[in-house]
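**Student:** Here's the letter readout for the chains.
Number of protein chains: 2
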Amino acid sequence: MLTNNLLLRAAKGEYVERIPVWMMRQAGRILPEYRAVRSSVNGFKELVKHPELICEVTLQPVDILGVDAAIIFSDILVIPEAMGLNYEMVESKGPLFPKTIQQSSDVTQLTTDVVPNLQYVFDALKLTKDALNGRVPLIGFAGAPWTIFAYMIEGKGSKTFSQAKKMLYTDPQLSHLLLDKITTSTIAYLKEQVSCGVDIVQIFDSWAGVLSKAQYVEFALPYMQRITEAISEVPVILFAKDAHYILKEFGQTNCAVIGLDWTIEPQKAREEVSRKTLQGNLDPCVLYADKQTIKTETERMLQAFGSQNYICNLGHGVYPDVDFEKAKYFIEVVQNYSISK
Amino acid sequence: MLTNNLLLRAAKGEYVERIPVWMMRQAGRILPEYRAVRSSVNGFKELVKHPELICEVTLQPVDILGVDAAIIFSDILVIPEAMGLNYEMVESKGPLFPKTIQQSSDVTQLTTDVVPNLQYVFDALKLTKDALNGRVPLIGFAGAPWTIFAYMIEGKGSKTFSQAKKMLYTDPQLSHLLLDKITTSTIAYLKEQVSCGVDIVQIFDSWAGVLSKAQYVEFALPYMQRITEAISEVPVILFAKDAHYILKEFGQTNCAVIGLDWTIEPQKAREEVSRKTLQGNLDPCVLYADKQTIKTETERMLQAFGSQNYICNLGHGVYPDVDFEKAKYFIEVVQNYSISK
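Keeping their order, the protein sequence lines are chains A and B.
Our numbering puts the first sequence at residues 9 to 349.
Our numbering puts the second sequence at residues 9 to 349.
Because the hints were derived from the structure by calculation, they are not lab data.
Check before you lean on any hint, since a few could be wrong.
The list treats identical chains as interchangeable, and a pair is accepted whether it falls inside one copy or across any two copies.
Quick list of in silico lysine to aspartate or glutamate cross-link-like pairs, DMTMM-like style, CA-CA up to 20 Å [unchecked claim]:
id	residue 1	residue 2
1	Lys-256	Glu-89
2	Lys-221	Glu-96
3	Lys-189	Asp-179
4	Lys-189	Asp-83
5	Lys-221	Glu-279
6	Lys-107	Glu-279
7	Lys-164	Glu-60
8	Lys-299	Glu-99
9	Lys-256	Glu-279
10	Lys-101	Glu-280
11	Lys-53	Asp-331
12	Lys-336	Glu-273
13	Lys-101	Asp-131
14	Lys-334	Asp-179
15	Lys-256	Glu-273
16	Lys-221	Glu-273
17	Lys-256	Glu-54
Computed from a predicted model, the values in this text were never measured in an experiment.
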């Protein structure tokens, strides 16, 4: 039983007496306590594979910022690695895959039996669930199949992901084969996360915005649907950044919650999706401003979304150079907001 | 008088007997003939300042690809440079400003008397206009004030432009002062382009997509409006990439044409903007596909937009690694499309 289950009630469309709030990327990045842990290990990937440290940094924002949920500290790229495609995290540049997927034989070699390779995540989840002791829900997550596919083809971050998109146009059959394998792996991964005690999961489609609607409908949406149908034990949050065109279609999936970036106006999202809980969507840059601006912008957003069927969050991950006191103030503003306003 | 004025007639909403087509970034990037010129000079910036070579590479796509308009080969960052903020073009990385705008005194030091500093562009325009000899219209262009502002603060390309956005939240007054100076400079620049014979101008808001609608309405739209009101001599095309939320507002400006990226569905754009010519919006990655796919995708788009009040284009600049034969085929498909279909 959870002491604070506001987030789960909001996700399920149940009444909440105040709006729940958490921040994407809250574990890591902005807290001095996180940086201390981070500098004690040899690189990001060592941290991602260290269950005790994952547990520690996952709990930090709960203890220090007072958020209404913990999200496990991990990386969406653990899935390609567990499928057989290793990556490096290059300091201040981002992920780099020494080998990428280029042809049919590359896809054939990938395994979908990923659970044995992800034991470090499951160990971390169990430790964290115990350590949380029911204070707040624990959020699990995975990358969306399209976004994982994009990294596996492109091999690194990109403004356009033109190589990944090229494969969609030049070899749709191979693309679907790879997307299918990623989806199978992701479902197995998420189901095991649920077994380890996560209360809700979020699917991050970070690079949705480079696709046209027609391509999203053909190459991304069916796999998102498969995930929302397979994960029936806990609520599923779908977050497709910059995919303004897909809200209605997400509204017709089995997901419980739809995450929004800050380019989507709350009222417009409510019009397009009437029966789902919405999550988001403060511009992360608002946290650079003074406290009065943070309060004004946040309360304007809360007013626009309304207090029910809503989970407050940023519209993307918190930026690394944000003062954690500002982030803490944002959390306070939401938690002090009277829903009778 | 122009031999082929299809683009201008489409821009003005007049009847066209076939759909005009050009490609953003058609001058440069994909043509072997461009690469030959490019390798004959010492870096991109030398080329941008060399009127005879600008003229040559501007004409290449007209001669080789058969496009229905020429767009002057240049860079949106000539404006900050003419205002006093130099930039370098770092090979395979992009623009870099050694000094950026950080405080009030940095803004004060900038000049808006930019025309004398941009003589190389005007010389190139006059040469090109003469060389075109009325075959097709000549397109002039400039960066949108927000996008120029973003580079002047951030100092380089960025996925988030978080430093530029930070200034909008932390010092809106200084932000408006800088945006105002950029706009004044841009209007002077565009007016002189018109004097040199450009038939139409396009304003590129390449980084519009990082702003929320509220921020775009406060910090970008008013300056776009000022430009469309100041440039009354020729039609103005507004193109704000990834700013799906601003189409209706663009529809209420004095612009003649609204450019669209490929995340916008043609039918949706027609619903939101009823009285403007639309331009776009093929996913540049379609040009990686085989000819049959290029034909199918292009004709599907033409069908969706309809043949009137429409200028065919990609949804963003053509990618550097596209085979120019594929680009040429795209142009042919549009030009062979029967508007009675």
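**Student:** Between Lys-101 and Asp-131, at a C-alpha cutoff of 20 Å, which is it: within one copy, between copies, both, or neither?
**Tutor:** neither (29 Å within a copy, 41 Å between copies)
**Student:** Evaluate Lys-221 and Glu-279 at a C-alpha cut-off of 20 Å and name the case that applies: within, between, both or neither.
**Tutor:** Close inside one copy (19 Å) and across copies (17 Å); limit 20 Å.
**Student:** Indicate which option fits the pair Lys-256, Glu-279 if close means a Cα-Cα distance not exceeding 20 Å: within, between, both or neither.
**Tutor:** Both. Shortest intra-copy (9 Å) and inter-copy (17 Å) distances satisfy the 20 Å Cα cut-off.
**Student:** Can you give me the call for Lys-164 and Glu-60, within, between, both or neither, at a CA distance of at most 20 Å?
**Tutor:** Intra 28 Å, inter 39 Å, cutoff 20 Å: neither.
**Student:** Could you place Lys-107 and Glu-279 in one of the four classes (within, between, both, neither) given a Cα distance threshold of 20 Å?
**Tutor:** Classified as neither; 44 Å inside a copy, 45 Å across copies.
**Student:** Check Lys-221 against Glu-273 for me: Cα-Cα at most 20 Å, and say if that holds within a copy, between copies, both or neither.
**Tutor:** both (19 Å within a copy, 7 Å between copies)
**Student:** Regarding Lys-334 and Asp-179, is the shortest C-alpha distance of 20 Å or less found within a copy, between copies, in both, or in neither?
**Tutor:** Cα proximity of Lys-334 and Asp-179: across copies only (17 Å, versus 47 Å in one copy).
**Student:** My question is about Lys-189 and Asp-83: at a cut-off of 20 Å on alpha-carbon distance, are they close within one copy, between copies, both, or neither?
**Tutor:** Within one copy, since 19 Å is at most 20 Å while 43 Å is not.
**Student:** One pair to classify: Lys-256 and Glu-89, alpha carbons no more than 20 Å apart. Within, between, both, or neither?
**Tutor:** Classified as neither; 33 Å inside a copy, 44 Å across copies.
**Student:** Between copies, within a copy, both or neither: which fits Lys-189 and Asp-179 at Cα up to 20 Å?
**Tutor:** Result: close within a single copy only, 16 Å intra versus 49 Å inter.
**Student:** Quick one: Lys-299 to Glu-99, C-alpha cut-off 20 Å, is that within a copy, between copies, both, or neither?
**Tutor:** neither (32 Å within a copy, 41 Å between copies)
**Student:** With identical chains treated as interchangeable, where does the CA-CA distance between Lys-256 and Glu-54 reach 20 Å or less: within a copy, between copies, both, or neither?
**Tutor:** Neither. Shortest intra-copy (40 Å) and inter-copy (49 Å) distances fail the 20 Å Cα cut-off.
In this structure, the hints that do not hold are numbers 1, 2, 6, 7, 8, 10, 11, 12, 13, 17, in rising order.
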